[in-house]
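Using the sequences and the hints given, assemble the complete structure.
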Amino acid sequence: MCGIAGYILRAPTGHQAAGYIDALLGPIRRRGPDDEGLSLINRDKRSILSFRTDRTSLKLSHLPPLGKELIPLHDAALLHTRYSIIDLTEGGHQPFISSDGTVTAVFNGEIYNYIELREDLIAKGVAFRTQSDTEVLVEGYRVWGHDLWNRM
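Each step along the sequence shown adds one to the number in my numbering, with nothing skipped, and position 119 is 119.
Think of the hints as simulated: they come from the structure by calculation, not from any bench.
Do not take every clue at face value.
Said to hold, decoys possible - Calculated cross-link-like contacts (lysine to any residue; reagent style SDA-like; alpha-carbon spacing at most 25 Å):
1. K68 x A18
2. K68 x A23
3. K45 x I97
4. K68 x N42
5. K45 x L9
6. K45 x R142
7. K68 x L9
8. K68 x G6
9. K68 x A105
10. K68 x D34
11. K45 x L70
12. K68 x T104
Said to hold, decoys possible - Between beta-carbon pairs, the in silico distance windows are:
13. W149 x R31: 20 to 28 Å
14. R31 x E119: 27 to 35 Å
15. R10 x T102: 20 to 28 Å
16. G101 x R10: 19 to 27 Å
17. Q16 x R151: 35 to 43 Å
18. R151 x I86: 17 to 25 Å
19. Y83 x Q16: 26 to 34 Å
20. L88 x A11: 38 to 46 Å
As the structure is a computational prediction, the values presented were derived from the model and not from experiment.
In this text, a Cβ means the ideal position worked out from N, Cα and C, and glycines have one as well.
Structure (structure tokens):
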């Protein structure tokens, strides 16, 4: 079972957040031995930057490792340790960010009808990059908003 954590800060901070990140990832690492990642969110700038950690067993070339001395200014974070079930490739890395960069999510579980939802989204023009049900979650939310929950 995956591990999920996160935080929201009152004001943006950078490298000072390293302690928060370590404190939150430490207890959940045993839950997700296959991969580890985090997204740092700056709500004012509406930006999301994702990183892998040095503990991930996947070598994700598309994501930089988190350098604790270079943590960007952010005021929210999503952290994830992964136990791979559906998409065993680096395509299932989390936190997962939508294709347009507006939605990010961490997810633990399985969407039982994700194949059908995926087909509906493809019919609406969504181009998928992975086989992950988490991608269906973020792209479904991007397209349908809160109506996604009734479809799942």
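Each hint tested on the structure:
no.: 1; hint: K68 x A18; result: 6 Å, holds
no.: 2; hint: K68 x A23; result: 13 Å, holds
no.: 3; hint: K45 x I97; result: 16 Å, holds
no.: 4; hint: K68 x N42; result: 17 Å, holds
no.: 5; hint: K45 x L9; result: 15 Å, holds
no.: 6; hint: K45 x R142; result: 19 Å, holds
no.: 7; hint: K68 x L9; result: 18 Å, holds
no.: 8; hint: K68 x G6; result: 17 Å, holds
no.: 9; hint: K68 x A105; result: 22 Å, holds
no.: 10; hint: K68 x D34; result: 21 Å, holds
no.: 11; hint: K45 x L70; result: 18 Å, holds
no.: 12; hint: K68 x T104; result: 22 Å, holds
no.: 13; hint: W149 x R31: 20 to 28 Å; result: 25 Å, holds
no.: 14; hint: R31 x E119: 27 to 35 Å; result: 31 Å, holds
no.: 15; hint: R10 x T102: 20 to 28 Å; result: 23 Å, holds
no.: 16; hint: G101 x R10: 19 to 27 Å; result: 24 Å, holds
no.: 17; hint: Q16 x R151: 35 to 43 Å; result: 41 Å, holds
no.: 18; hint: R151 x I86: 17 to 25 Å; result: 18 Å, holds
no.: 19; hint: Y83 x Q16: 26 to 34 Å; result: 30 Å, holds
no.: 20; hint: L88 x A11: 38 to 46 Å; result: 39 Å, holds
In the structure shown, no violation is registered for any of the earlier numbered hints.
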